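Participant: In order, the protein sequence lines correspond to chains A and B.
Read in the numbering used here, the first sequence has 56 at position 56, and its numbers run on one by one without any break.
Read in the numbering used here, the second sequence has 1132 at position 132, and its numbers run on one by one without any break.
One should not assume that every hint holds.
Each pair of labels, with its calculated beta carbon distance range [to be verified]:
#1 A:G106 - B:A1034: 49 to 57 angstroms
#2 A:G106 - B:I1095: 46 to 54 angstroms
#3 B:A1136 - A:E103: 27 to 35 angstroms
Quick partial rundown of chain A residues pointing at chain B, CB under 8 angstroms, derived from the structure [stated by the list, open to error]:
#4 P27
#5 S38
#6 T71
#7 E99
#8 W102
#9 V104
Worth flagging that the hints you see were computed from the coordinates, not collected in a lab.
Computed from a predicted model, the values in this text were never measured in an experiment.
Quick reminder that beta carbons are idealized off the backbone N, C-alpha and C, glycines included.
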Amino acid sequence: MTLMEPEQAYRAMMTFLWGLWDRTKQPGELGLFCDMCSYIPGVGTADPAMWFDWLAWVNKMQTGDLVPRATGRRGSLTAEMMKPLEPEQAYLAMFAFMEEYWEVVGRPAEIGDLLDQMRYTPGTGTADPELWKRWLAAVEKVQESR
Amino acid sequence: MGGSGGLDSIRVRILACIAARDYDQAREYLKLAANMAEEEQARFEQIISAAERELVPFLEKALPHIFRPDVGHFAQDTAEARELIQTTVTEANFIGIRAGGSAAYQRILDTGAQVWVYVFDGTIRDAGLNAVPRTAEQLLKSR
Chain A
1 MTLMEPEQAY RAMMTFLWGL WDRTKQPGEL GLFCDMCSYI PGVGTADPAM WFDWLAWVNK
61 MQTGDLVPRA TGRRGSLTAE MMKPLEPEQA YLAMFAFMEE YWEVVGRPAE IGDLLDQMRY
121 TPGTGTADPE LWKRWLAAVE KVQESR
Chain B
1001 MGGSGGLDSI RVRILACIAA RDYDQAREYL KLAANMAEEE QARFEQIISA AERELVPFLE
1061 KALPHIFRPD VGHFAQDTAE ARELIQTTVT EANFIGIRAG GSAAYQRILD TGAQVWVYVF
1121 DGTIRDAGLN AVPRTAEQLL KSR
């Protein structure tokens, strides 16, 4: 698999998350999160700040520096400032992005349970091995649609 | 009642009165909160008034996500921002249900900015202010 630009990695994340939501299609915390994060190329995310939160975590994975949330500073981040991501790096950025949201909104159980299944250990994979396969499938799907 | 402990006690009592729909008593407690900052007093007055008008409430846990100085959001949790958001959640401003189940609302202010609100399970879960308004189609598009 080739490297992904941050925008492409974001689309892979949304393909992955909607795929998880499709397993039950039950309105709940995951559906709400997907709604907030949904992305329209050229327009941005439904909640405009989510795009910049994503870039902050991509930047963190690449530089080790996290631009703090709720400071107004994340709005100056651009995708052009980031390097392309390996699928593993993009996965870790997705996990951290979701975990931050989960913390901010009081740790809803549905997302907490999902994060437990998604937790990734280098060399070992995700806690639920099926999720890593789903992630790679989402990456492949987005790369094919380039 | 004075000090932060006294204020905490008043806050709890006001919220309990709101939950019990005893709005007059909630206002009586608010009058006792002489040490409370003016901005917080205004916010409590708005919370009481919004509950009285039966406006859709915020989910308390979502407030740190909603009010923040980031793109597309109200920077601070103020009475004015709450009022703008909660009064946007009306039938006239409803634009549809999103793929994940949240209901979307929007309205354009006199300034040209757009208030957007997502409601889920009877509470406001996300909201903000777009300097450049989006179309209803864009606000509804999920996947």
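Participant: Now look at each hint and say whether the structure bears it out.
Facilitator: Hint-by-hint comparison with the structure:
| no. | hint | result |
| --- | --- | --- |
| 1 | A:G106 - B:A1034: 49 to 57 angstroms | violated (31 angstroms) |
| 2 | A:G106 - B:I1095: 46 to 54 angstroms | violated (27 angstroms) |
| 3 | B:A1136 - A:E103: 27 to 35 angstroms | holds (32 angstroms) |
| 4 | P27 | holds (3 angstroms) |
| 5 | S38 | holds (4 angstroms) |
| 6 | T71 | holds (7 angstroms) |
| 7 | E99 | violated (14 angstroms) |
| 8 | W102 | violated (11 angstroms) |
| 9 | V104 | holds (5 angstroms) |
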